[in-house]
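*Asks:* Sequence:
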Amino acid sequence: IRYDNKETGKFDTDFESKISKNGKIGGTLSICGEVLADAQNDLNKLAKAFIDEMNKIQTQVDANGKTPCYYDRINDKLVPSTNEYKLFEGTTAGDIKINDKVYKDPDKVAAASVVVDLTKPETWEKSVGNGDNALKFYNFKSEKLPDLDGLSIQDFIIGMGTKAALRAQDLQNQADAQGAVVDNISNQILSETGVNLDEELSNMIIYQQAYNASARVFS
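Numbering (the numbering used here), first residue to last: 244 to 462.
A portion of the hints provided could be inaccurate.
As the list claims (entries may be wrong) - Think about it this way: if two alpha-carbon atoms lie no more than 30 angstroms apart in a straight line, the pair counts; the simulated DSBU-like pairs of lysine-lysine are:
#: 1; residue 1: LYS406; residue 2: LYS291
#: 2; residue 1: LYS347; residue 2: LYS299
#: 3; residue 1: LYS320; residue 2: LYS288
#: 4; residue 1: LYS387; residue 2: LYS340
#: 5; residue 1: LYS384; residue 2: LYS347
#: 6; residue 1: LYS340; residue 2: LYS299
#: 7; residue 1: LYS291; residue 2: LYS340
#: 8; residue 1: LYS340; residue 2: LYS406
#: 9; residue 1: LYS347; residue 2: LYS288
#: 10; residue 1: LYS309; residue 2: LYS384
#: 11; residue 1: LYS309; residue 2: LYS406
#: 12; residue 1: LYS340; residue 2: LYS288
#: 13; residue 1: LYS369; residue 2: LYS406
#: 14; residue 1: LYS299; residue 2: LYS288
#: 15; residue 1: LYS344; residue 2: LYS384
#: 16; residue 1: LYS387; residue 2: LYS406
#: 17; residue 1: LYS363; residue 2: LYS384
#: 18; residue 1: LYS299; residue 2: LYS309
#: 19; residue 1: LYS309; residue 2: LYS369
Simulated from the structure, these hints should not be mistaken for lab results.
Whenever a hint applies, use it, and build me the whole structure from the sequences.
*Replies:* Structure (structure tokens):
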């Protein structure tokens, strides 16, 4: 948003400092800032939990001792995944991105999850049809996450929408209450300074009779 600065003859973008914080536009900007800040914090929290948990499924051995593995297409075997092939990088909603190595070679996505016995590689290297880790990725959306206050990804997103709706309703209630106060004050002002038509009609009749009486005196 920009406006024409009459003093410099140029477009000026510093408009917020020119707007009264007590006015309608100022109030709207203030509220939008608060709402957007809350939403941004929630999005960053969601992104961080998503990044950490997806990378955990991609690279870490689970509680059952199963290792996430990706498919080596050239040698037709499974290879244990490492942090080199974590799925996502970043820590917030603003900098989250797919790991370049995985982006350029989707085979590095660890779709398999097997017990890796290095003494008997033949028991797991050829398990190329295993899709247990892919199933973990799918089920991840409904798992309860400590970083999301015990909520799942799905529940947290629903909660964000609910929070926004409740915030909007609260602001509307505040606006309605403030509007009622303004209307009440306006009515009080009118009662003190406004015109009472009945009273003014009576005064006009009195003034008319007085004028007629004065006219007769002069006659």
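*Asks:* Please write out, lowest number first, the hints stated earlier that are contradicted by the structure.
*Replies:* Failing hints, ascending: 3, 11, 13 and 17.
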